Amino acid sequence: MHGIETLTQGLLLGLSSGITCLATCAPVIVPLFLGSASSTRGNARLLLEFLGGRLGGYLLFALAAWITGRLVLGSGALGARATGMVALGLGALMLAYGILKVSGIQLPLPAAAQSHSGCAVSSLRTRTWFRECPRLIPAGLGLFSGLNICPPFVVALAQGAVNHSLAGSLLFFACFFAGTSVFFIPVPFIGSFRRQKALVYVGSFSAILVGLCYLYSGLMQCLLPVTEP
Amino acid sequence: MTTKVQPQLALQTPASNRAPLAFGWISSVLIAFPMLQLTGLLLLGGPEALKSFTRLRLDATLTVWLGLNGVFLAMLRSGRTNAYRRVLFVLIALSFVLTFIPNLLETRDHVAFTAGDMADCRIPFCHMVIPMVLIPAAFTKTIIFPGSLLTGFASIGSMVVLWLAGSLTLGRGWCSWVCFFGGMDEGCSHLLNRPVIKTVDRRWTYLPLAVLLMIMLVSAATLSPTYCEWLCPFKSVTEFESVTSTRVFIQTVLFASLFIGLVVVLPIVTRKRVQCALFCLMGAFQGWTNMLNIHEIRMNRDACTDCGRCVTQCPTFSLTSESVAAGGALTSCTKCGHCVDACPRNAVSFHVKGTKLFASPRLARVLFLYPAFLFLAAIGGGMMVGALLRIIRLVTTGSLI
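Residue numbers (our numbering), protein chains in the order written: chain A, 1 to 229; chain B, 1001 to 1401.
Because the hints were derived from the structure by calculation, they are not lab data.
Note that the structure is predicted; figures quoted are calculated from it, not measured.
Glycine included, each C-beta is placed from N, C-alpha and C at the ideal position.
One or more hints might be untrue.
Claimed, not checked - Part of the chain A face toward chain B, derived, beta carbon under 7 Å:
1. I4
2. T8
3. L11
4. L12
5. G18
6. A23
7. A26
8. V30
9. S181
10. F183
11. A198
12. F205
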C-alpha cells in the first residue's frame, strides 16, 4: 500500500465512522468533561490530553496489529482477555476519577514526602507529582479508550493488519485517529455549563456508574470461559 | 450539604388550618360531579361495553368507581391532598403487581421471559424505558426494546402516547399520580413512625440525573436497553429473564438487591421515596417536563415563617431552604401535595403559571387535582378492578389465575 493511499484510506475510514466512534466514547467523554466542568479553553486542554492518550492507544494497537496480523482478533480467548484487561483499566480509572470528584478527596501526601526534611525542592516535586497525578486520568482514559475495541476500530484493525510495513500500519492508524478526532471538536464547549455545579456532580456520579459497567465487562471477559470459534 | 429527614411524623396540622383549601359539602359535590361522570365513562364504558361485563366484574368496577369518587370528594371537602392521594397511590402499586403477574401467567404461561419472547417482541413496554430509547430512536430509527409497537398488552405506542399526555398535563406530577411503581417505595416510606437515618447528603439528589445520563449514553453506544437489562429494581416484582447464564444470574441478583435496597429498606429507614428521588431515571427525565407544565408549587413569602417543615417533610428532596426562600420547589417536585398539607401557615399552594400568585389557591388546586386525579383513575382504576377480581378469585377458588 502506498503512503498516500494509506493516508487517505485511514482518514476516510476515520471520517466515515467518526460518529459511531464518538457514540462509543461518549460514556467516557461526557462524564469526564461534565465532572471537570472547566472553561472552554480548559476543556480544550483536557480534550488534547484525552486525544493524546487515545492516539497512544491507537499507535500501540497499530504496532500490535502489524506484529500479530489478525492473531489478537482471531484468537477468541486471547482477544477476549486482552479486551477484558482494557475494560478493567478503563473502569478502574473512571471509578477513581468519579470517586475523587464526588468526594472532593485530595490525595494524601506520601510518607516519603511528609518525612522528607532535606531538599525542599525534591520534597515539593514529590508532593506536587503525587497530588497532581489525578491529572493524568484524562490521558489514561484516552489511552484505554483507544485500546477499547469498537466497531469502527475493528474495521481499522482489519485494514491495518494487512499492511506490510510497520510505518504503513502506524500511518494508517494515525490517519484513522485524525479522521475520527474531527467529531470531538465540539466537546470542549461542554465547558459552557461550568457554572452549573450540579452538572459536576452528575458527571462525577456518571463516571462512577460507567466505571462500574466497564469493570463488570472487563471481569466477565477475563474470568468467564471463552468459546473458541 | 445535608438535608434533614423529617424529625417528626405524620401531619399534625389542625383540620381548621385546611379551611382555605376546603370546600363546603354542596360545593364539593358539585365540583366532584363531573369527575363522577368522567371516571364512570373510563371505567364502565358505554352501554355496549356494559353488556360484556359479568355480574362480578360489574360489582367490582362499581365498587372501585364509587371508592375513587369518594376519595376525590374527601379531597375537596377536607382541603387535604397528599393523605388521600397516598392511599390510592399505594393501592394502585399493589394492584399493579397483583394483576400484572397473573396476566403474564395467563397470556404466556410463565413470568420469566425467554429468548423466544424477546425475539417475538412480547415484552410489555413500560414508561421507565422511554428516556433510554429516545437517542437510539432519533439516530437509528430503531426502538431498542423487544416489545410490540402498536398491538398487544402494553404496546410501545400506547405507553408513549399515555406518557406524552401525562407529562404535558402534570409534568413530574406523573411520578406521584400516575406511575404504578412509585406507590411501592411510598408505601414502604410510611412503615416506620420515625426515620432511622435522619440526614441525607444532598449530593445524592444528583444521582438520578447521573443514572439517566449513563443509561442514555450506554444504551446509545451499545444499542441495547441497558436499564431493563441491568438496573430496573421493579424487575423483581414484574418479569425477568430466565436464569440461564452467569450474566443473567448477576442481573437477577442486581434487580433483587436494588429492589430490596431502594424500594424497601432505604425508604423505611429514611421515610423518603428513595427510589423515586435518588435513583429513578424516569423521574430525572420527568423533571424537565415540569418546566413545560403549567402547574407548580409556590410559597407565599409573606406568610412563610421559614419553619422548614415543608423542607423536612418533602418525600423527594424537592425543597431546600434556598428554593423556599426563592418561593418555589425544585424541578424534581412531584406535586404530591405533602408540603401543601404540612404547612401550618397555609403558605404553600398549587399555582397555575402565568396567573396572579396566591390570588385563588383553591381554584389552582382544583385545576391541578382534576387532570391529576383523572389520570390516576384512568391508569389505576382498571388495575384496582383487576386486583379486586383476582382477590375474589383467590378467596373463592384458592387461585389467582
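Tested hints:
| no. | hint | result |
| --- | --- | --- |
| 1 | I4 | violated (33 Å) |
| 2 | T8 | violated (27 Å) |
| 3 | L11 | violated (23 Å) |
| 4 | L12 | violated (21 Å) |
| 5 | G18 | violated (14 Å) |
| 6 | A23 | holds (5 Å) |
| 7 | A26 | holds (5 Å) |
| 8 | V30 | holds (6 Å) |
| 9 | S181 | violated (18 Å) |
| 10 | F183 | violated (13 Å) |
| 11 | A198 | holds (6 Å) |
| 12 | F205 | holds (3 Å) |
Consistency with the previously given hints fails for numbers 1, 2, 3, 4, 5, 9 and 10, ordered from lowest to highest.
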